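Those protein sequences? They're chains D and Z, same order as listed.
So for the first sequence, UniProt numbering puts the first residue at 1; every next one is plus one.
So for the second sequence, UniProt numbering puts the first residue at 1; every next one is plus one.
Don't read these hints as lab results, they were simulated from the structure.
Heads up, some of the hints might be wrong.
Here are the in silico distance ranges between beta carbons for each label pair [stated by the list, open to error]:
1. D:Glu70 with Z:Lys490: 35 to 41 Å
2. Z:Gln28 with D:Val122: 58 to 64 Å
3. Z:Lys465 with D:Gly209: 51 to 57 Å
4. D:Asp106 with Z:Leu55: 48 to 54 Å
5. D:Pro174 with Z:Arg118: 55 to 61 Å
6. Z:Gln415 with D:Pro174: 56 to 62 Å
7. Z:Ser420 with D:Glu199: 24 to 30 Å
8. D:Val122 with Z:Ala452: 22 to 28 Å
9. D:Asp53 with Z:Gln119: 34 to 40 Å
10. D:Val122 with Z:Lys165: 51 to 57 Å
11. Z:Ser144 with D:Gly97: 47 to 53 Å
12. Z:Leu55 with D:Met1: 36 to 42 Å
13. Z:Pro201 with D:Val122: 32 to 38 Å
None of these values were measured; they are calculated from a predicted model.
From the three backbone atoms N, C-alpha and C, an ideal C-beta is built for every residue, glycine too.
The chain contents come next:
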Amino acid sequence: MKIALFATCIVDAMYPSVARATVQILERLGHEVVFPAGQACCGQMHTNSGYFDAARKVAENHVHAFEAVEYDVAVAPSGSCVASVRHQHRMLAERAGDTDLAERADAVGATTYELTQLLVDVLGVTNAAEQLGSYFPHTITYHPSCHGMRLLRLGDRQLDLLKTVGGIDVVELPDADQCCGFGGTFSMKNSQVSTAMLEDKAASIRSTGASLCSGGDASCLMHIGGGLSRAGDAAGTLHLAEILASTIDSPAPAPAATDTTTGATR
Amino acid sequence: MSTTFMGMPAVRDTAGHGNLHASEPFPQAATRELGNAQLRSNLRHATHTIRDKRLKVVGELDDWEALRDAGAATKNAAMANLPALLEEFEKNFTARGGVVHWARDAEEANRIVTDLVRQTGSDEVVKVKSMATQEIGLNEHLESEGIAAFETDLAELIVQLGEDKPSHILVPAIHKNRTEVKDIFLRQMPQVDPDLTDNPPELAMAARAHLRKKFLSAQVAISGANFALADTGTLGVVESEGNGRMCLTLPDTLITVMGIEKVLPTAQDLEVFMQLLPRSSTGERMNPYTSVWTGVTEGDGPKNMHIVLIDNGRTNALADQYGRTALNCIRCSACMNVCPVYERTGGHAYGSTYPGPIGAILSPLMTGIEAEDNGSLPYASSLCGACYDACPVKINIPDILVHLRGEDVAAQHQQRKLPSEMDLLMKGAEIALSSGKVLNLMEKALPVGRLAAGRQKKIKKLPGKLAGAWTSSRDIPAPPAQSFRDWWKKEGRG
Ligand code: SF4
């Protein structure tokens with residue numbers, strides 16, 4: 001299959017190792033990965049902040065960039081960006097009275113998947129150790145991000161896949177379904193409330209004794225990791241794509257040495 | 001008896017008034033409330049308990065999703081047909097001996113109720129807990145007119161005696177613990193036992209003794225209504241304690257104050273709503289008391305029956321194509337009980353009678369986004385979506401929040417000449433993010449960020465109010481040496 005990677009702006013600029021891991025996983029399964037060069041961002045931050053005109057321009061660029069290349073399906077290592085592509089692009093186009101864009105956005109949205117959605121539903125991956133050679137011999141916990149959980153209805157796809165990684169020990173996160181408090185510009189506009197939510201999430205992570213918290217959204221992980229780091233916590237965060245891509249020969253960094261700088265040292 | 005007939009309902013562009021406003025920006029109010037550790041632990045305990053109960057009883061019904069769909073469909077249809085339903089209700093309510101009054105806004109409603117009470121010659125009323133009267137500030141208005149209003153719902157009584165404001169629509173005293181309640185009773189109830197402890201049954205008995213006297217002497221009662229049935233002209237109140245039923249049956253005059261959106265087409269519709277409401281609100285299969293009354297009956301119950309139907313910004317909300325489903329709300333409070341923001345700040349931070357996720361959309365929809373600080377309310381959410389999942393009538397609160405943020409940005413842009421910090425941030429991001437080429441250029445600066453991060457590989461402080469707010473509690477990792485797209489290109493992959 002020809003798979004178009006939607007890296008998302010935050011992964012492209014801040015967590016390139018997550019996008020590289022995504023490519024590795026897909027190529028290991030024998031698929032061809034293409035990167036539509038015109039892509040930049042889904043526009044979620046603008047949309048959710050009420051800047052609809054700007055958001056529409058960003059969304060239009062996304063639609064255009066993915067129309068410019070040929071592919072079977074598109075994938076992003078981020079539930080919230082996929083939710084934005086699927087649910088918000090049409091709304092933005094409709095508000096501007098652009099029915100043409102609305103239809104094109106629907107077409108792109110219909111073929112865009114969150115990583116584990118693609119792996120499980122389309123590519124039939126149910127056992128990461130067997131099918132991807134995934135190996136990560138550490139104790140981790142897992143936070144399901146809100147958009148993946150509630151807008152995309154990912155269910156347990158992410159968690160179930162993580163559990164099948166070789167050598168891994170996944171411990172349950174108390175109150176896992178509680179929002180981490182990121183919410184894009186919410187964490188700036190209502191910084192104090194966001195911090196209060198983050199503190200509770202960090203306390204839950206701490207209570208598990210796991211040395212790292214994984215998840216499917218780089219932005220939530222940046223927020224959680226940033227809070228853990230400020231609190232001087234030993235635990236860090238790592239995107240699930242990096243854990244799935246980790247093998248015996250090419251391991252993702254061990255949790256204690258996990259560099260929250262996104263694997264920049266690698 | 002003279003009545004204050006206000007004419008048929010017409011769609012007027014009338015903003016809502018009364019207790020529907022945030023009087024300071026939400027972030028400011030929230031920060032203050034966050035500092036109250038007792039409040040936070042009371043709220044956490046209460047919301048988590050009721051959440052668990054709700055999940056359990058909702059899980060018992062195989063057809064819960066179908067019920068939610070049915071509830072949403074009935075409400076949507078009722079809202080689309082509101083004028084006709086209200087007329088039908090008026091006809092049937094009047095035919096059964098009731099009197100209908102229409103109020104455009106809070107002021108008009110308060111005036112109508114005051115006149116009605118005056119006509120009875122009484123200067124005291126007992127009240128069933130009512131959101132509509134909270135919304136219009138009826139108690140304060142009556143007091144200013146020399147009429148004493150006594151709340152009879154236990155939690156509402158605690159709030160009233162404590163000279164406080166409700167913090168939750170269903171559990172108004174959710175922010176108070178037992179000891180605080182005991183102290184209020186000792187202070188405010190004239191004949192209370194001075195040895196009163198904070199044992200809940202004892203507290204309940206003290207309240208009961210206090211209220212009993214009021215029930216037996218009151219000539220006038222004021223109630224809200226959970227629903228009105230158009231086909232029979234029936235009103236209904238759903239409650240837990242039975243104090244409401246005392247109000248509804250003992251006094252001679254009963255005045256109900258109700259928002260126009262509460263009308264349902266037929267008695268049959270109760271089948272759905274009486275399943276959705278108790279489960280969503282108190283986590284019970286059935287609420288203890290459901291009172292339903294249709295008109296005046298000789299020798300039984302109130303002799304005079306009035307209803308004041310208030311608009312107060314509801315037609316405004318109805319005119320908003322993206323926001324109108326907010327009027328489907330049946331005031332169950334499930335959304336606030338699951339909201340992580342409400343859980344930390346409590347209801348007072350929202351300023352309005354309607355707190356939590358529904359309040360963050362309903363208040364600005366009813367008053368207009370520019371009213372006082374209501375434009376800050378739609379941002380009081382991380383858009384986690386828990387409210388939408390919990391809502392028994394499937395109001396897509398996150399989508400409406402986003403819509404109202406857009407309204408706020410537009411309103412701000414009209415009022416302001418100089419761009420705000422957020423405007424600048426968004427403009428910069430728009431330029432960077434609407435083209436792969438530009439983003440690629442910007443990413444060339446990533447190594448500068450690495451330098452700024454220093455040896456710790458963390459950025460601990462960013463300039464500006466907004467970015468600085470982020471780094472007040474969170475480190476930012478050092479950026480990578482190279483963006484993904486740069487790596488991809490250097491690998492020769494395209
Ligand atoms: S919005 Fe929905 S969940 Fe919230 S109070 Fe209204 S009916 Fe209940």
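Here is what the structure says about each hint:
no., hint, verdict
1, D:Glu70 with Z:Lys490: 35 to 41 Å, "24 Å, violated"
2, Z:Gln28 with D:Val122: 58 to 64 Å, "47 Å, violated"
3, Z:Lys465 with D:Gly209: 51 to 57 Å, "37 Å, violated"
4, D:Asp106 with Z:Leu55: 48 to 54 Å, "34 Å, violated"
5, D:Pro174 with Z:Arg118: 55 to 61 Å, "57 Å, holds"
6, Z:Gln415 with D:Pro174: 56 to 62 Å, "45 Å, violated"
7, Z:Ser420 with D:Glu199: 24 to 30 Å, "28 Å, holds"
8, D:Val122 with Z:Ala452: 22 to 28 Å, "41 Å, violated"
9, D:Asp53 with Z:Gln119: 34 to 40 Å, "55 Å, violated"
10, D:Val122 with Z:Lys165: 51 to 57 Å, "53 Å, holds"
11, Z:Ser144 with D:Gly97: 47 to 53 Å, "49 Å, holds"
12, Z:Leu55 with D:Met1: 36 to 42 Å, "40 Å, holds"
13, Z:Pro201 with D:Val122: 32 to 38 Å, "59 Å, violated"
The structure fails to meet hints 1, 2, 3, 4, 6, 8, 9, 13 from the earlier list, while all remaining hints are met.
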